[in-house]
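J.: Go by the hints and put chains B, C and D onto chain A.
What follows is each chain in one-letter form.
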Amino acid sequence: MTPEEICQKLQSAGIEVTYHDTKPDPFLLCTLQSYKQAALTLRDDPDLAFQSLMSLTGLEWPDYFEVASQLISYQKEHRVTIKVRCGKDDPSVPTLSDVWTIAEWHEREAYDLVGMTFAGHQDLRRILLPEDWEGHPLRKDYSPQERWHDISLTSEPPKTTHE
Amino acid sequence: MIALEPYLDLIISVVYVVGIVLFLSLFALFATWLERKVAGHIQDRLGPMETGGWHGWLQPIADAIKLLIKEDIIPAAADKKLFKLAPYLVFIGSLAGFAVLPFAANLIGSDLNIGVYYVIAVTSLVVIGILMAGWASNNKWSMYGAMRSAAQMISYEIPVALSLLIPVMMAGTMSMVEIVDNQAGGFWNWYVFRTMPFSLIAFVIYFWASLAEVNRAPFDLPEAESELVAGYFTEYSGIRWAMFFLAEYGDMFVVSAIAATVFLGGWYAPFPFLDIIPGPIWFIGKTAFLVFVQMWLRWTLPRLRVDQLMYVCWKIFLPFSFANLLLVGLWVVLKG
Amino acid sequence: MSETKEIHIPLGPSPEKWDLLSKGIDPFGDQMILQMGPQHPATHGVLRLELKTDGEVVTKITPYIGYLHRCFEKVAESVTYPQVIPYTERMDYLAGMNMALSYVLAVEKLREIEVNDRVETLRVLVCELNRIASHCVAIGTFALDIGAWTPLLYLFQVREHILDLLEELSGARMLFNYIRIGGLAHDIPTGWIDKVREFCTYMDPKIPELNGLLSYNKIYIERLAHVGVMSQDVALQYGITGPNLRATGFDYDMRRDAPYSGYEKYDFQPQIGAGEQGTPGDCWDRYIVRVREMEESLKIIRQACDRMPEGDVKETIPKSLRKMPEGEVYVTTEAPRGELGIYLVSDGTDKPYRVKARSGAYCSVAAVPAISLGGLIADLVAIVASIDIVLGEVDR
Amino acid sequence: MNATYKYFRDIYLGVTTVSLGMWITFRHFFMPTITVQYPREKLIYPPRARTELRNAIESCNGCLQCARACPVEIIHIETAKAQDEDNAGNMPDGKPRKLLVLTFDVEMSKCVHCGLCVEVCPTESMHWNNEHEHVTFTREELMRHWATYPPEEVRRLQERDEILKAEKAKQAAEAAAKKAAAGDQPAPKPVSKPAADGAEKPAQPSAAAATPAIEKPAKPESGDGTDSPQKENGKEKA
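Chains as they are written, first to last, in this note's numbering: chain A, 164 to 326; chain B, 99 to 434; chain C, 21 to 416; chain D, 90 to 327.
One thing to keep in mind: the hints can contain errors.
Partner residues aside, some chain C positions facing chain B, computed with beta carbon under 7 Å [said to hold, decoys possible]:
1. Leu54
2. Glu76
3. Ile166
4. Ala168
5. Ile239
6. Tyr240
7. Glu242
Quick caveat, the hints were computed from the structure, so don't treat them as lab data.
C-beta: ideal position from N, C-alpha, C; glycine also.
Isolated chain A, as found in the complex:
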């Protein structure tokens, strides 16, 4: 099935989802309310049968945060990207970790690097950065802290010949 057909299928199941025909890869945009339902339908509907979550990415846009998940169905041989957006004032998205287990780690990474939270996540800790790191590096306005414990994080500018 093409992403467009998948979108129609979801819509016919009464799930609020819109199809965005961006180039080169289109995506389906869910609302915060329909996100979990859409994920469950995508997994459990025998025509869709998205067995596996390939990737889950957190993105920061100027006005909102976005979570993009790539799904794959080996059985039906199709792939789709679903997205959900949340406001910057309350960057919280429902978790998918009870739909696909690996989402737990991907969501931890998104939390760690982008700083959105996932409602219902069992174990939302930092995963790549140390527990006591300040800030979320993939935010566009991020600037690294100067010291972490006793380690200076700012590098000296190199000594060139004539400076």
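T.: Just chains B, C and D now, kept in the frame of chain A:
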């Protein structure tokens, strides 16, 4: 002039002991070099080549100097007394085995009439030292190594002892010298070939079980570097670490030497006309060959898991040794 | 290395604990917390596994990653599109070509660049060579963790041959920067194809030798069969891909089922685990799938050598990548450690807006607790080795 | 029966496979080794080998393309416009030299050997030197300085360049003002742009150059590049 007569025995003993310690150290040094060379050539490499010119033969000396001048680190949380004591205990356990190794008919520390029994008893001392090292280090990996070592060495004592019983039974004595003397006159008289196939099986079982005794691959679980970092000597460094190393190679020599003594005719040549070559050379040669096989095995085989190690001991080696013992006993009785 | 927490030894059981004790349940949590890593010989770099052990039995595993985090995604946002390629290769440094290919395909899809047949064939050729090199390390270190040293060295000889070939082609041994957006950095040097053929003939007897020395060794089989069984359900739940997924008996190979870069033109058979020596999806299956995959890669390499078409490898390299079309793209390729997915978002400038790399090894590490509970420490070592992780790819 | 069969089969397999493995390693024992004993024997590098960067400064035209292509930003270049008085000479291709390369520093310690700088170089002055044995004790020693100008000369040229730039900016501003006077809509952009460009660069060198302290580094350490920044730092503190 002071009468040396009363002290002669003592002087000879002291000289012998010093000689053995020197021999052990030299052998261990040589064995480390050999090990690296064997490993290298098995793996299409050269091994050490730089120190000393010819094939890096001075490499072990360089290593020894390095280890001697290294800092001796004792962890703050260690049980210091035990920590310091353990390597010596392990070393002594290995050294004591040399007392009854018959390098030649009259070149033996002490020809005990219970020589074989003594060796089995004294090599078990090593396990106390290892357990001590593992406990005193106060490191969990060391502890695991020590526990594994204890379990393994105590289990493998049994097949080792049972296999050694077979030549003892055939010779009717436990004295090392007498056992060797019974094998004089060509390789067909060696115990390993006497009661084919039983004694051969006994020899194979002894050899494999002795690998576990000395913590060599494929039974090197106590020091499995991929699992336990370095096992019971994780926390050791410098000369104390070298002690463990020395003891390991000393143990390798001892178990191989016992195999050479009781199964392979000790200091006798395979053919009587070759007996013009001195006995110690044959003895050390046979032992060195077995040490080489130990190394060869190490660089070929993967390591067993703890439960499989126990399986091999209790379910394969033990029943086979028992059956062997029974059949050889029958053979001895029937032969009269 | 040693954990500061003391082993908790209570003085006497409290009444409720006594109750549990009388029912045969150990109430004390008489278990040891063991920190395996970050610097541990068997964690293939810097992975930390916090274990709870009952004797040698592992009862709880918590993986901690991030010790090799190099901010690939952040760096990629601050450099231009071609400059990202050297960084991608540092993710899985054992398979740089495969890493770069995924990223380059993503940019090409975004920019709508069609490369010619020669470029595609050469890309397939170098990726398969690199796959063999990568599997050599995977298998070698696997054997090393099980305690066999020598296969590692034999396999490194094979790898060395491949690295020599790739060095001659690209100029570097590990971090090639050879595959470029829209083409390749260089055409092949003269006589290179013959050297690749020579390598194939050199490689042919190596795999039977490996099988004799290691694969069918009884001790090795005993260590791996029935250990760390990964069921297909677990694999799908954890998004496991690549050889680890195929080892569970799941017949899916991107190169055959969703071909990219012209893989549909080659004749090869994806290898799946069948539980030959134990249960499907156990460590031995994961091992043997990789061994057989090397043979299949060899087949592809031979075919690629034979069909090497003519063409200009720099023909379609864009003059400037200043202006990229806006949009987003998700491209996956079959890297040696599972699918490498690159999710690329462009905002029209010369730098990517967001690059996410979805790596196979990341998911494999996540699945470690699910497949290794209740085993011994030695089994855990085997499992960590069998899922074949490169921490550079896990932490990125 | 089945268990017994398995028991003996396991032993049989154990013995045979171990023997096979030992046979294989034994064969390797007598195979020729592959070790290359490095300091005495050396491998020949293929022509494309990426070893160490070198810049043939005489053919470098200071176009900055390599600095822009570098993903790790380790190439530091400063240039000044060539004037008639410099006798800058010609480029290898015969055209007159337009830019003087005052600084061309490469931090080899940070180089990732990706080769992007070599590829973009229009004059092929950036190249790999096929040498890789450059072991040093400090990171500073791995800083490669390819420019040949002594420091005082560099400062002089920089100053001159700033003056020229400022003049140009002035002219541009005047021209813009004229334009603005002529037309009614002044274009602020052309005014601000060169001004901003000029303000950015002179900011740091002029602070050092304008003070009389310029004599100090010139006298005792002639051409010692590594010491002078420390001097300046100390001066700033004082």
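J.: The structure should be examined with respect to each hint, and the outcome stated for every one.
T.: Outcome of the hint check:
no.: 1; hint: Leu54; in the structure: holds, 5 Å
no.: 2; hint: Glu76; in the structure: holds, 6 Å
no.: 3; hint: Ile166; in the structure: holds, 4 Å
no.: 4; hint: Ala168; in the structure: holds, 4 Å
no.: 5; hint: Ile239; in the structure: holds, 5 Å
no.: 6; hint: Tyr240; in the structure: holds, 5 Å
no.: 7; hint: Glu242; in the structure: holds, 6 Å
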